[in-house]
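In case you want the letters, here they are:
4 protein chains.
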Amino acid sequence: MLTFGTPRRSLQSMQVTLTAVGPDHSGLADPIIHYVTGQGANIAEIQMYDHDEACLFAMLCRVEMEPERFAALKPAMEQIGRLKGLSIRVWARDAREGKPRLAICTTYRPEPALALLRAIRDERMPAEAAVMIGNRPTCRSMAEQFGVDWHNVGDAAGKADDERLVAICDEYDVDYIILARYMRILSPGAVWKYAGGRIVNLHHGLLPSFPGMRPYHDAHSFRMLTYGATIHFIVPELDAGNQIIHQSTFTVVPGTPLEQIKRQGESDHEPSCLVEGVRRVVDREVALHFHRVVRRGAKT
Amino acid sequence: MLTFGTPRRSLQSMQVTLTAVGPDHSGLADPIIHYVTGQGANIAEIQMYDHDEACLFAMLCRVEMEPERFAALKPAMEQIGRLKGLSIRVWARDAREGKPRLAICTTYRPEPALALLRAIRDERMPAEAAVMIGNRPTCRSMAEQFGVDWHNVGDAAGKADDERLVAICDEYDVDYIILARYMRILSPGAVWKYAGGRIVNLHHGLLPSFPGMRPYHDAHSFRMLTYGATIHFIVPELDAGNQIIHQSTFTVVPGTPLEQIKRQGESDHEPSCLVEGVRRVVDREVALHFHRVVRRGAKT
Amino acid sequence: MLTFGTPRRSLQSMQVTLTAVGPDHSGLADPIIHYVTGQGANIAEIQMYDHDEACLFAMLCRVEMEPERFAALKPAMEQIGRLKGLSIRVWARDAREGKPRLAICTTYRPEPALALLRAIRDERMPAEAAVMIGNRPTCRSMAEQFGVDWHNVGDAAGKADDERLVAICDEYDVDYIILARYMRILSPGAVWKYAGGRIVNLHHGLLPSFPGMRPYHDAHSFRMLTYGATIHFIVPELDAGNQIIHQSTFTVVPGTPLEQIKRQGESDHEPSCLVEGVRRVVDREVALHFHRVVRRGAKT
Amino acid sequence: MLTFGTPRRSLQSMQVTLTAVGPDHSGLADPIIHYVTGQGANIAEIQMYDHDEACLFAMLCRVEMEPERFAALKPAMEQIGRLKGLSIRVWARDAREGKPRLAICTTYRPEPALALLRAIRDERMPAEAAVMIGNRPTCRSMAEQFGVDWHNVGDAAGKADDERLVAICDEYDVDYIILARYMRILSPGAVWKYAGGRIVNLHHGLLPSFPGMRPYHDAHSFRMLTYGATIHFIVPELDAGNQIIHQSTFTVVPGTPLEQIKRQGESDHEPSCLVEGVRRVVDREVALHFHRVVRRGAKT
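Protein chains in written order, with our numbering: chain A, 143 to 442; chain B, 143 to 442; chain C, 143 to 442; chain D, 143 to 442.
Hint data in this document are derived by calculation from the structure and do not stem from the laboratory.
For clarity, every value in this text was computed on a predicted model and none was experimentally measured.
Take these hints with a grain of salt, some might be off.
[Stated by the list, open to error] Simulated coverage check for chain D against chain C, where a stretch passes if three residues somewhere in it have a Cβ under 8 Å from a Cβ of chain C:
hint	segment
1	187–193
2	330–344
[What the hints assert, rightly or not] If you anchor each label on the Cβ, the simulated ranges turn out as follows:
hint	chain 1	residue 1	chain 2	residue 2	range
3	A	355	B	197	33 to 41 Å
4	A	402	C	359	43 to 51 Å
5	D	250	B	409	38 to 46 Å
6	A	426	D	250	27 to 35 Å
7	C	404	B	165	39 to 47 Å
8	C	225	D	303	47 to 55 Å
9	D	355	C	313	52 to 60 Å
10	D	402	B	405	50 to 58 Å
11	C	359	A	426	23 to 31 Å
12	C	300	B	409	33 to 41 Å
13	C	410	D	309	52 to 60 Å
14	A	182	B	263	50 to 58 Å
15	C	359	D	363	23 to 31 Å
16	A	409	D	238	41 to 49 Å
Quick reminder that beta carbons are idealized off the backbone N, C-alpha and C, glycines included.
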């Protein structure tokens with residue numbers, strides 16, 4: 143006799159995102175899936191990956207469950223994690239009381255983070271700056287000025303300790319990690335741990351056309367007249383498409399020097415682009431759904 | 143009290159690939175996963191996708207289970223399919239008695255298919271040509287000559303009926319679909335139904351550099367001196383990387399005319415490239431593992 | 143004893159663009175260069191190409207000469223052309239009395255050409271619509287409405303007769319050929335005959351990122367939120383960079399349907415982008431200088 | 143009355159390549175062209191460029207002239223160069239007595255240069271190793287072993303002094319500069335001074351698909367099974383196509399580690415590819431003709 147779980151999506155159902163990361167793939171999926179389906183949760187999405195080069199096995203699981211069962215989920219997952227040697231995270235934006243909490247990560251350029259901190263202070267952005275993290279000390283004084291805790295995860299050469307970055311985000315109970323011109327690529331492990339639309343990046347060029355480290359330079363080398371910035375979710379797979387939340391551009395006349403273009407982009411354009419992109423996320427106008435950005439409501 | 147399923151990978155465990163395709167994603171994953179984990183199967187891989195444009199929801203699930211439970215799996219999945227309106231397929235290469243069965247698909251060019259048919263006839267290729275399918279009638283007489291059933295799924299303009307193609311493959315109980323210069327892109331639905339490393343394509347250019355419909359022409363327009371062919375698994379997502387099973391090349395001197403290059407590629411090079419690529423698949427030297435081609439044995 | 147020509151750039155020097163196209167390269171450059179340097183002209187730029195596939199040899203020569211010598215140049219070049227079997231053109235924008243004359247070329251979409259015709263009628267654009275040319279009859283009535291001569295150079299399938307297009311432009315003594323959503327690629331011969339910054343194209347996507355025939359579709363397939371148009375000079379070599387005169391963009395929210403994006407681009411955005419781009423050319427704010435667009439004045 | 147120079151291509155005509163480089167474009171072309179056409183030379187090709195960013199104006203001029211006039215050309219050009227502040231070079235391969243002279247440039251990897259030196263020593267390559275140049279001292283002892291003069295043009299960080307490199311090539315009267323895994327990009331000025339098919343580069347990947355500094359890594363990241371090397375002429379313009387003289391490839395099975403691929407490519411494959419490519423150049427099987435590689439004889 144077959145049974146097929148409880149009916150999907152009650153009025154009160156709560157969206158929960160589970161991520162699990164471990165050193166190999168044997169026995170990772172089974173206990174987690176078994177538990178959540180046993181609790182009557184419906185599976186909305188599962189993605190599993192085996193990063194063979196990094197010896198990393200990872201799973202993202204979005205489920206819909208009755209809110210009253212959510213409280214038990216976290217300790218159950220902790221128990222599974224301990225028994226199986228897995229790093230498991232449970233996140234439900236619906237369960238957040240108060241404003242969503244941001245970790246704002248920077249390297250050198252202060253403008254985008256500054257724009258975000260001002261928008262939060264002026265209550266144009268319904269979020270809380272829970273913590274600031276840098277791989278360089280440049281933005282430390284800005285954090286102090288706004289009364290936000292600061293942590294430097296970089297070594298003398300700026301190399302970031304991703305495990306510490308994740309540990310800080312865990313400790314400060316953040317909902318979203320905002321990469322505000324943070325110039326390091328997060329390790330696959332870090333990205334998986336906060337998978338499911340929780341890592342938002344500012345890229346200072348138009349994606350997917352100009353993905354590199356020097357997008358102003360690259361577009362200029364083609365003598366383009368259009369420059370832009372892209373706010374997108376980071377997703378774990380290297381070859382995934384671009385999960386774009388917001389893009390904006392500015393246009394120059396032929397012959398405009400690169401330095402002038404960069405100045406305009408960095409001081410004016412990137413900061414306002416980031417603020418609008420983060421606003422869409424914290425206002426939940428957009429969500430990540432099977433590696434794609436969807437407008438909330440547009441899918442129902 | 144938590145339970146975490148049976149111990150993984152008994153000595154006799156059998157790899158089974160399940161695919162499920164349906165019109166939306168509610169309730170697709172739960173009954174299948176629930177059933178297989180309830181039977182003590184271990185989940186090796188799950189991939190789920192929501193092709194919103196095509197209104198297609200699909201899942202691939204690779205599990206490892208005891209062989210004695212395999213017989214019950216197929217009728218159970220059929221029952222779930224009927225109840226839920228899903229198109230479910232169950233495939234275990236281990237369960238095939240005799241040689242693996244191929245569907246060989248063509249459009250105009252006969253050479254690659256001919257090379258395959260000869261390799262099978264001469265027992266250089268341990269496989270059976272179960273059926274030939276075309277979207278053009280060109281290769282019909284070749285099928286008749288080798289005593290293989292022939293089906294034309296194309297209309298007058300060569301537009302293929304993918305549902306019929308899949309139905310024919312189901313009817314002939316094929317293990318692998320070989321696209322031997324079949325010049326149509328399979329629909330996402332068709333690809334998902336035979337997902338998991340069962341569709342092998344001959345592309346007459348080097349991937350990923352020359353992905354288009356005219357790879358000889360494209361490489362020639364760059365004045366390249368290297369031309370090649372690629373045998374790869376077809377995977378469902380458009381933006382996936384290239385799942386390359388085999389590549390080979392030939393080199394010409396500067397100034398060689400395009401027509402001469404095409405002739406050399408089409409008559410000599412592509413056929414031998416396809417034969418070696420298919421051989422690797424039917425001999426199970428390679429397998430698809432989390433969207434990547436791995437050498438069998440290399441992962442254990 | 144060596145002599146090195148007259149001193150360069152008198153106050154009254156006039157820029158003249160010469161193009162020559164012939165069936166092979168023997169003896170093409172010598173008589174032309176010999177004549178102009180013999181007349182005391184200074185060579186500002188020479189580009190020569192041998193399109194071996196098209197059996198086409200071509201040269202562009204920009205010279206600076208005294209205006210009083212210009213009158214004799216045209217008949218001298220005609221004589222050389224007759225003797226050598228070359229198609230030679232002489233053009234000096236400085237020698238144009240009255241407004242510059244445009245040939246406006248279309249295929250199906252009327253909006254960009256319409257915007258241009260209105261800007262000319264309303265005297266926002268200091269130019270004259272000398273003639274309209276189509277490879278499809280769609281825009282004929284628009285030409286009639288604005289009292290502009292119309293010529294269809296396309297056959298029943300829309301295939302254009304490029305020699306007739308060039309002959310019409312010669313006959314109407316046009317300064318610039320404006321490709322206002324003209325969906326045919328000009329032959330190398332036609333492009334060389336009007337080389338030197340006289341052919342202006344509207345491409346309905348951002349170059350160089352989206353060069354194909356379906357740029358809205360291509361950008362949408364990457365889930366981009368930015369769409370744009372590019373006004374650029376056509377230059378003869380296939381592999382040249384993009385000679386961009388003007389670009390503009392518009393931005394959409396995630397999930398916007400492709401049809402809505404195309405409508406916005408085609409009806410609003412492309413027409414205004416073309417008008418600004420053509421204005422820069424007829425106002426001589428930009429010029430083509432060694433395959434690159436420079437702002438006039440910026441180079442002196 | 144117009145005159146058009148002497149008849150083209152006498153039986154004894156000699157191909158001469160002139161290059162001129164100067165700080166701006168006024169008066170560069172005129173004296174040179176005037177002189178050579180005045181001597182009865184026919185112009186086969188002229189290319190002029192204005193690298194505005196580098197404030198560099200350059201011209202390549204291929205002419206055909208009577209051999210008896212060649213002796214006077216060099217001093218005349220030297221005089222023009224002095225008067226006009228231009229760096230002018232005159233080269234005629236036909237005028238070389240004895241074997242063509244090579245400058246072999248290296249950085250770290252010794253294998254390709256070593257293969258070349260052995261081919262020369264064993265008389266499989268009809269050329270002379272005139273000088274070796276490095277931007278790193280790594281290959282110095284190899285030069286000494288083969289009795290070839292060695293010059294290091296790199297500073298402590300490996301940054302090369304391109305003017306010294308050019309001066310050394312001038313001093314040693316080299317015909318061809320061979321970049322045998324020389325890992326620096328030559329400046330536009332250096333490239334123009336030896337333009338016209340005199341600089342041959344070994345790129346350790348298939349062009350144009352893998353142009354970067356890490357082509358093995360890049361191809362491997364796409365899970366390609368084909369790896370290759372490309373021997374090509376360096377041409378001055380950044381956006382030029384690839385002037386490929388020779389390419390060859392090797393193929394690996396899925397899962398082959400990158401280190402093993404690199405070892406195979408570097409120790410075996412690149413050296414033999416370079417030897418064959420250089421042989422084609424010194425044997426004059428190929429030539430550069432309007433930015434394109436043509437087989438000698440194929441164009442006449």
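Do the hints match the structure? See the list:
Here the segment 187–193 of chain D counts 6 residues with a CB under 8 Å from a CB of chain C, which clears the bar of 3, and the coverage holds. Counting residues of the segment 330–344 of chain D whose CB lies closer than 8 Å to any CB of chain C gives 0, which falls below the minimum of 3, so the coverage claim is violated. For the pair residue 355 of chain A and residue 197 of chain B, the beta carbons lie near 39 Å from each other, so the given range of 33 to 41 Å is met. The hint said 43 to 51 Å for the Cβ distance between residue 402 of chain A and residue 359 of chain C, and at roughly 34 Å that hint is violated.
Between residue 250 of chain D and residue 409 of chain B, the C-beta spacing of about 43 Å keeps the proposed range 38 to 46 Å intact. The beta-carbon spacing between residue 426 of chain A and residue 250 of chain D, approximately 53 Å, falls outside the hinted interval of 27 to 35 Å. Separation of residue 404 of chain C from residue 165 of chain B is about 27 Å and departs from the stated range, judged on CB atoms against 39 to 47 Å. The given range of 47 to 55 Å is respected by residue 225 of chain C and residue 303 of chain D, whose C-beta atoms sit roughly 51 Å from each other.
Remark: the range hint 52 to 60 Å for residue 355 of chain D to residue 313 of chain C is upheld by a beta-carbon distance near 54 Å. A C-beta distance of roughly 35 Å is found between residue 402 of chain D and residue 405 of chain B, which places it outside the suggested range of 50 to 58 Å. Remark: the range hint 23 to 31 Å for residue 359 of chain C to residue 426 of chain A is upheld by a beta-carbon distance near 29 Å. Under the hint 33 to 41 Å, the C-beta atoms of residue 300 of chain C and residue 409 of chain B, about 35 Å apart, fit the expected range.
For the hinted restraint 52 to 60 Å between residue 410 of chain C and residue 309 of chain D, the CB-CB distance of approximately 59 Å keeps it satisfied. Between residue 182 of chain A and residue 263 of chain B the C-beta distance comes to about 57 Å, which sits within the given range of 50 to 58 Å. A hinted range of 23 to 31 Å holds for the C-beta pair residue 359 of chain C and residue 363 of chain D, which are about 28 Å apart. Evaluation of the 41 to 49 Å hint for residue 409 of chain A and residue 238 of chain D yields a failure: the beta carbon distance comes to about 58 Å.
In this structure, the earlier hints numbered 2, 4, 6, 7, 10 and 16 are contradicted, and the remaining ones agree with it.
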